[in-house]
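Novice: Construct all of the structure, not just a fragment, from the sequences and the given hints.
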Amino acid sequence: MTGAGEVGARGGGVSGWPEIELAVELELPGLRLGLELITRSPSIALVGSSGAGKTTVLRILAGLETRARGRVRFDSELWQSPGRASTPPWARGVGWVPQHDLLFPHLTVRDNLAFAGADAEALAEVSAAMGLTPLLDRRPRKLSGGERQRVALGRALVAEPRLLLLDEPYSALDRSLRTGIQDWVRDWAARNRVPMVLVTHDDRDVRALAGETWELRGGVLAPLA
Amino acid sequence: MGDQFINVAEPRSRVTNLNVTRTELIHTPRLLRVGSSILEVVLVAALGSAFVFSAMAPLGAQEEERGETRVLRVFAASSLGTGLPAALEPWARESGTTLEYVFDASSRLAPQVAAGAPADVLVTADRAWMEWARERGAILGEGALVARNSLVLIGEAGPTSSSRADPMEAESWPSGRILLAGENVPAGRYATEALRAAGHWEALEGRVLRGGSARGVLESVARGAVPLGIVYRSDTVADERTRVVLEFPDSLHEPIEYFAAVVATTEHPDLAAELVATMGRSGVREALTSYGFGVWTGGTGLPAGGGPVAQPVLPDPRRAITLSLVVAFAATLAALPFAILLGWILARLEFPGRSLLAMVVLTPLVLPPVVTGFLLLSLLGSGSPLGRFLSGLGLDIPFTLLGAVLAAAIVGIPLYVAAIRGAFESVDPHLEEVAWTLGVRPHRTFLRVTLPLAAPGIAAGAILAFARALGEFGATVVLAGNLEGETRTIALAVYTLLEAPGGRSAIWVLVGASLLLSGGALLGYEVLNRRQRNRLEVRR
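Going down the list, the protein sequences come from chains W and U.
Using this note's numbering, the first residue of the first sequence is number 1, and each one after it goes up by one.
Using this note's numbering, the first residue of the second sequence is number 1, and each one after it goes up by one.
Simulated from the structure, these hints should not be mistaken for laboratory data.
This structure is a prediction, so every number in the text was calculated from the model and none was measured.
Over the 12 Å line for every Cβ pair with chain U, so calculated as not near, a few chain W residues:
(1) Ala23
(2) Leu78
(3) Pro82
(4) Asp203
(5) Arg204
(6) Asp205
(7) Glu212
(8) Arg217
(9) Val220
Only some residues are given here: those of chain U computed to face chain W with a beta carbon under 8 Å:
(10) Trp436
(11) Thr437
(12) Arg441
(13) Leu536
We put the CB at the ideal spot given by N, CA and C, even for glycine.
Specialist: So, in structure tokens, the structure goes:
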């Protein structure tokens, strides 16, 4: 059962998962996007060359790109629509893991993870899974790149989002941890019925996901077989 | 379990999603640099023009002499400003002498003359300063009595200007604060004496304010900065902006007498002596009488050693230091919320009037502080609706501690805002965006992310503003006056001591305190600035 989008590229999907609809236009200096996408897939891998605007797609979904015009829908919720106020980022419940981890430098790992106000149980579970338990009292500047990336990932998960927006979340992880964390995040998302949109350059990431792959090229989204 | 795969080449530029504000990261240092380079230019220009001026002044004088025009420079009490030139004009014409006048408070002129200022004749508004100059060998002879004056209480001219109050009944006087000339200025001393002798001092002390010269008092009352003032009767002649509320009987104070003397360093002793002698003749006397000066009954010279020489009142350095700290702390604290708000607006918001706002905020940095003080006085004096409104709320700003705090705060705002704006701009706006996506609303994000991250920079800005407040002089002296224990901060105390005889040691105490405080503040600024940079650095 798919949504009733007349226009745009249409992906498949798995019933029981929320439907994501995107029909927006955005013109920035050096970047012109006309995005159309409807899908009910548990995961979307977003690929494309550097500078194609992949990160911008995530920002549009997060509600951070206020210059975008058009329609953004998450299942039954219309997040953005012409002629009415958009749902602000803090009311969308997205878990955004930006490409540059963007940890709060003045807070410890624990306070970064709990920034959204999570309960102790969720925090303990996520930090164990991410291998962060021994680092909880450290500050971001004392962490390696991979550690910081895991904190950023954990911070998004602890907030219990309804949609995960991951911008190259595994790029700094070393091989020994990467697969484990990838699997754990996928299982977590499946357990909680949280779809994820993942920007990546890495085929391993694409293969690790069971969902769809979309390519952003020339400002347009197209599903890859 | 460390992660050996450290991502070294993490690119810092975000190609497509650069928020516009990011491009302005360089803005604030530049702003500060512009500020300091403006200061440098001003300083160099001031030094340069002072040099040129001092080099040219004697040159000009010599040339005039070759042209057979004789020039005498007369340093005279400011209350003589209108009367004396008119009274001496006939003599000047007859003798072919050009008279150049410098009018100022006697307390400023006598020390200048004693320090070798290029004067030929000195005219003081009291015996004490002439005696003081004589003791230092600054004048020839004893000084001749040339005029008398009396004191009046003045108020703003208004519809109820007909009735006169009784000098002995303070209850019959109009209400409101009373501005007196400075305590070392003769007019201020006579006024204090008169209020004491009439038995009003105790009752009125809380209402009494101190300013500079008697002329300054007149101007303040005329502009409505204060409702009442005590000036010389001669000041009020031909002034329609004020009215005489009452005249003080001469018996209430030491006679107000003007003395003239030839300055010891003059190059024209004979001509100068002739001028002094002329001042005692009837033509000049009558002319001065028409300007409101008292009837003169024939001069004796300055009685040798006779008459009480008033002891100058010296500012208390410890009080000045304490007051400076109080004013600077209060100004820094009071301006903090505004500085944070303005700094944040300039760092984060894009709107059409932004450049204008940035300019307005910067204005007190480039405006002469005296001008800033004047604008504030015009805006907040009891002559303005806003001033009257605030006064109704019990907030009297001109000539109060509150005024000193306000002046210091306004003058400190440009540095304050520039530093805080820089601190906010150094916080990556993407961090705020992350906080939003985590469900934290903007105002909570500001409190939990932006503000803590900018805190060291904000503290550095506060220290800068504090240091600026410590040094504030121009706006304070105009808006808040120079009131011992109330608005006389370090800078004002030094200035007052410069014109008070015997104040040198106290000046050095204040100079030491200034150096210490400013040095400490700048050190704190450096430390906090470094901490701000470290704070945002994730990896070192």
